[in-house]
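In the order they appear, the protein sequences are chains X and P. Here the first sequence stands for residues 0 to 244, numbered as in numbering that gives the first Met the number 0. Here the second sequence stands for residues 0 to 99, numbered as in numbering that gives the first Met the number 0.
Bear in mind the hints are in silico, worked out from the structure with no lab data behind them. Any given hint might turn out to be false.
[Claimed, not checked] To spell it out: a stretch of chain X is covered by chain P in this simulated footprint if at least three of its residues, at any positions, have a beta carbon under 8 Å from a beta carbon of chain P; those stretches are: (1) 83-90; (2) 212-220.
[Stated by the list, open to error] In silico negatives: residues of chain P with every beta carbon more than 10 Å from chain X: (3) K18; (4) I19; (5) I59; (6) N92.
C-beta atoms are modelled at their ideal positions from N, C-alpha and C, and glycine is treated no differently.
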Amino acid sequence: MPHISIKAESIFHILGIGVTNSYLACIIVITATLFIGVFYKKQITASKKSGFFYTLHFILSSIYDMFYSVVGENIDFFFPLLISFFLYILFQNWFGLVPGVGSILVKIQENHDTALVPLLRGNTADLNTTLALGIASISMIQFYGVQFLGFKTYISKFINLANPISFFVGILEVLSEVSKIFSFSFRLFGNIFAGEVLLTIVAFLVPVLASFPFLILELFVGFIQALVFTMLTSVFLNSAVQKHH
Amino acid sequence: MTQFHFDDRMKTIKKNYLKIDSKGEIDQFGQSKHIKKKNDKESIIMYFNVGYYLVIPILIGLGIGILVDRWAKTKPVFTVLLLLIGTVGSFYNLFTIQKK
C-alpha cells in the first residue's frame, strides 16, 4: 500500500525551490485548457464547425445562463472570472481521476533516503492550491466591490466609526470575509482529497472493478465542487456589488 | 393608464396572493416566479458552505488567541477574549446567511 501524504511532495528542485507533483499536474492541465481555448476561439469564426465545438459551446452557454440567474445584468463583466474558476477547478478535479495520476511512482532522494512518491497528483488535492483559489476569489470580490460602489462606500462596511455597534460589526465583517477564504479552501481540498484517498483504499482492498462506482461518484463530486465554488463566488460577488441600505 | 398603476402597486407590495384563473385552478400572484427561483438557488448553494462558514470564525479566534498569548505570555486572557469574538462572528455569519 502506498504512503498517503497530505501535502504534495517535491519531485525535483529548480534554484532551490521544490517543484511538487501537484504543480506538474497543474502545468499539464493549464496547457491542455489553453489549447482547448485556442481551438474554441479559432472555430468560432470558422465557416465549418466541428462537433466538439458545438458540445463545448452548449456547455458554456448553459453555464452562462445559470450564472445569469444569480449575477443578473453584470454577467458579461463577471463571466470571464467565474468561468475561469469553474473550468480550472473542474479540469483539475477530473485530472486527478485519470489512470496513472497518483499511481505512477518515481524514486526521489530525500535526506540520504530514497522514497517512492507519485509523479502526478490532482492539483485541487493540494491545500496550497485551494487556499490560493480562495484568496483569489475573495480578493476579486473586494476589488469588484470597490470598483462598483467606490472606495469610501465599500470600506465603510468594514470601518465605521459612527457608533460603537457599527465599529464592532465592521470587525465581524472582516472576520466573515477571512472565514470565507478558509471555508472555500477547506471544503474543496477536503472533498477532493477524501475522494482520492477513498479510490486508493478501495483499489487495494478489492482488486477488480470495485473502484468503478466510486470513480463515477468522484466524477460527480468533482463537478459539484467546481460548481459550488463558482456559484458561491458569484453569490458573494453579487452581494458585494449591491448597495446596502 | 389605470392598469399600469395597478401593476406598479402590486410589484411594490410583493406578497403572496391567491387567485383563481379561468380553468378554476388556484394560483399565486403578486410575486414574480423568477425572483422566487433565484432565491431558492442561492440558498441551496449556501447550504454547501454553511458548516465551514459557521465553524471557521471560532477556529480563527482560537488560533489567533493562542498565538497572541504565546507571544505576550498572558496565557488565558487573549485566548478566551478572541474565542468569544470568534463565537460572536460565527453567530453574525449565521445571521447574514439567514438574512439572505
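Hint check results:
no. : hint    : verdict
1   : 83-90   : violated (count 0)
2   : 212-220 : violated (count 0)
3   : K18     : holds (26 Å)
4   : I19     : holds (30 Å)
5   : I59     : violated (6 Å)
6   : N92     : violated (5 Å)
Of the numbered hints given earlier, the model fails hints 1, 2, 5, 6; all others are met.
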